[in-house]
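Protein chains in written order, with the working numbering: chain A, 1 to 114; chain B, 1 to 113; chain C, 1 to 242.
Keep in mind that the hints were calculated from the coordinates and are not lab data. Bear in mind that the values here come from a model prediction, so they are computed numbers and not experimental data. Glycine included, each C-beta is placed from N, C-alpha and C at the ideal position. Certain hints may be false.
Unchecked claim - In silico DMTMM-like links for lysine to aspartate or glutamate, alpha-carbon gap of 25 Å or less:
hint, chain 1, residue 1, chain 2, residue 2
1, C, Lys82, C, Asp31
2, C, Lys235, C, Asp191
3, A, Lys81, C, Asp31
4, C, Lys101, C, Asp47
5, C, Lys235, C, Asp108
6, C, Lys82, C, Glu9
7, C, Lys82, C, Glu23
8, A, Lys81, C, Asp17
9, B, Lys91, C, Asp146
10, C, Lys101, C, Asp146
11, C, Lys113, C, Glu3
12, C, Lys82, C, Asp19
13, C, Lys101, C, Asp138
14, C, Lys113, A, Glu76
15, B, Lys91, C, Glu219
16, C, Lys113, C, Glu219
17, C, Lys113, C, Asp161
18, C, Lys101, C, Asp188
19, C, Lys195, C, Asp128
20, C, Lys195, A, Glu40
21, B, Lys58, B, Asp41
22, C, Lys82, C, Glu6
23, A, Lys81, C, Glu219
24, B, Lys58, A, Glu40
25, C, Lys235, C, Asp138
26, B, Lys91, C, Glu9
27, C, Lys101, C, Asp161
Claimed, not checked - Here are some chain C residues pointing at chain B (derived, C-beta under 10 Å):
hint, residue
28, Ala116
29, Arg231
30, Ala234
Residue-level listing of the chains:
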Amino acid sequence: MLNLHLYMAQRLTALIMAPLTVGHLAVMIYAVQGGLSVAEILARTQGSLAWFLFYGSFVFAVSIHAAIGMRAIMFEWLGVKGTALSSISWGICLLLLVLGGRAVWAVTFAGAGA
Amino acid sequence: MIRPHRTHALWYAFLLHRVSGIALALFLPLHFYMLSLALTDPAQLDGILVFTDLLIVKCAEFALVFLLAVHMFGGLRLMALEFLPWSPRQKTFAASAVALAFLISTSFFLQAM
Amino acid sequence: MPETGEFLEVSIWREQDGDGHFESFQVPRRDNQTILDVVSWVQQQADPTLSYRFACRVGMCGSCAMMVNGAPRWTCRTHVQKVADDNRLEIAPLRNLPVIKDLAVDMDPFFDKWVAAEAVFEPSQTRDDPMAPITPQDPMRIAASDAIECINCAVCYAACDVVAANPDYLGPAALNRAWSLVNDSRDDGQDARLKAVSGGGGCHNCHAQQGCARYCPNELNPTLSISGLKRATAKSLLGWGQ
């Protein structure tokens with residue numbers, strides 16, 4: 001039940017996320033050395049516009065991409081259709097946007113100046 | 001038991017792509033929630049991060065990194081299949097995606113140890 | 001064909017009015033036997049009520065397509081010695097199509113989707129116009145010719161898990177033919193065709209499992225064709241039309 005528009009949104013967000021994912025993998029491999037801590041994470045990201053834009057766009061793209069992906073799976077494997085399918089898909093998108101947005105804010109500009 | 005018409009490399013590649021996508025989609029809300037604790041309860045987050053020293057957690061992280069990498073490389077394989085001129089090396093690309101993902105997740109694991 | 005003295009344990013799907021089950025037959029094994037030979041032996045020697053389809057029996061018409069040990073194949077072109085493990089065979093009607101009786105399926109949904117995909121030639125000229133000058137080396141003609149040999153046997157349709165999961169999905173055969181027509185410069189129906197393959201049952205549902213290419217007895221590649229449709233529809237959306 002993917003039509004042309006959903007398909008294009010899926011592929012475009014995928015293209016956007018390819019370099020972001022490579023970046024994230026690199027960050028993970030670097031950051032995991034010597035263990036993880038809040039202080040260490042925040043020291044990198046707090047107050048940083050670059051990280052805000054990087055992870056902000058990542059969250060935006062993944063919310064759309066994951067929701068469309070789950071939409072196809074719910075339809076094909078769980079038989080969910082119609083309004084239920086659309087509502088749950090939008091729900092997933094919004095959940096990821098809100099939670100992801102909070103997380104990006106939490107590690108960049110929240111509490112900045114403290 | 002996999003049905004006979006599915007027992008070929010490119011179907012397994014499809015399944016891996018789908019399962020990795022589901023796993024990542026389920027993991028993300030947890031991941032986002034944990035990170036937002038940096039704002040609301042940094043002490044609790046630090047307490048949780050201590051668990052990342054455990055070997056079993058590092059193995060789980062290895063799996064997650066593998067799933068992310070294999071989903072990305074598999075996705076790039078699909079977009080190449082769709083938007084670039086057709087290549088007869090479809091199975092090679094699928095295998096390469098798995099190999100590259102394994103390489104990256106092993107690098108991560110070695111750094112995490 | 002000389003009998004070898006061995007017997008095949010053959011499970012054949014029997015269905016009438018929605019009630020279906022496997023029935024076992026003991027069929028004498030012969031050298032160079034095909035699955036179609038096995039089914040024909042059962043109908044002629046064991047149970048005349050068995051219903052099945054075939055026509056040319058030489059791998060040209062596609063009428064004898066069935067599920068053989070879980071894989072969609074032309075039974076006239078499938079040798080028993082290639083597929084029978086331990087002398088056991090399981091023969092069932094093609095997947096993803098309604099069963100009329102036993103091994104015969106209703107091909108109507110398959111052909112309905114063929115039409116729905118606009119996999120039908122729309123003329124741009126009449127018999128009074130000069131012939132269209134198309135050379136065999138023209139890249140579009142080559143693309144069309146690569147996809148043109150489909151004989152509508154529905155093996156790819158039976159192999160496809162997206163067809164199984166999505167009742168609206170037009171399927172590999174219809175989309176493959178649509179692609180060959182997209183490349184036919186004599187055709188006048190491109191706008192309607194691209195629209196027809198862009199809906200909820202359109203080409204964008206293909207997950208590139210490539211079971212269609214694996215099983216096509218004519219060695220066609222519907223996944224390749226569907227990728228072409230994805231490109232063509234994307235281009236038309238982004239305004240880089242043809």
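The hints, checked one at a time:
| no. | hint | in the structure |
| --- | --- | --- |
| 1 | C:Lys82 to C:Asp31 | holds, 12 Å |
| 2 | C:Lys235 to C:Asp191 | holds, 12 Å |
| 3 | A:Lys81 to C:Asp31 | violated, 51 Å |
| 4 | C:Lys101 to C:Asp47 | holds, 14 Å |
| 5 | C:Lys235 to C:Asp108 | violated, 32 Å |
| 6 | C:Lys82 to C:Glu9 | holds, 15 Å |
| 7 | C:Lys82 to C:Glu23 | holds, 22 Å |
| 8 | A:Lys81 to C:Asp17 | violated, 28 Å |
| 9 | B:Lys91 to C:Asp146 | holds, 21 Å |
| 10 | C:Lys101 to C:Asp146 | violated, 35 Å |
| 11 | C:Lys113 to C:Glu3 | violated, 44 Å |
| 12 | C:Lys82 to C:Asp19 | violated, 31 Å |
| 13 | C:Lys101 to C:Asp138 | violated, 46 Å |
| 14 | C:Lys113 to A:Glu76 | holds, 19 Å |
| 15 | B:Lys91 to C:Glu219 | holds, 17 Å |
| 16 | C:Lys113 to C:Glu219 | holds, 22 Å |
| 17 | C:Lys113 to C:Asp161 | holds, 16 Å |
| 18 | C:Lys101 to C:Asp188 | violated, 40 Å |
| 19 | C:Lys195 to C:Asp128 | violated, 30 Å |
| 20 | C:Lys195 to A:Glu40 | violated, 53 Å |
| 21 | B:Lys58 to B:Asp41 | holds, 23 Å |
| 22 | C:Lys82 to C:Glu6 | holds, 16 Å |
| 23 | A:Lys81 to C:Glu219 | violated, 35 Å |
| 24 | B:Lys58 to A:Glu40 | holds, 18 Å |
| 25 | C:Lys235 to C:Asp138 | holds, 21 Å |
| 26 | B:Lys91 to C:Glu9 | violated, 35 Å |
| 27 | C:Lys101 to C:Asp161 | holds, 23 Å |
| 28 | Ala116 | violated, 22 Å |
| 29 | Arg231 | holds, 6 Å |
| 30 | Ala234 | holds, 8 Å |
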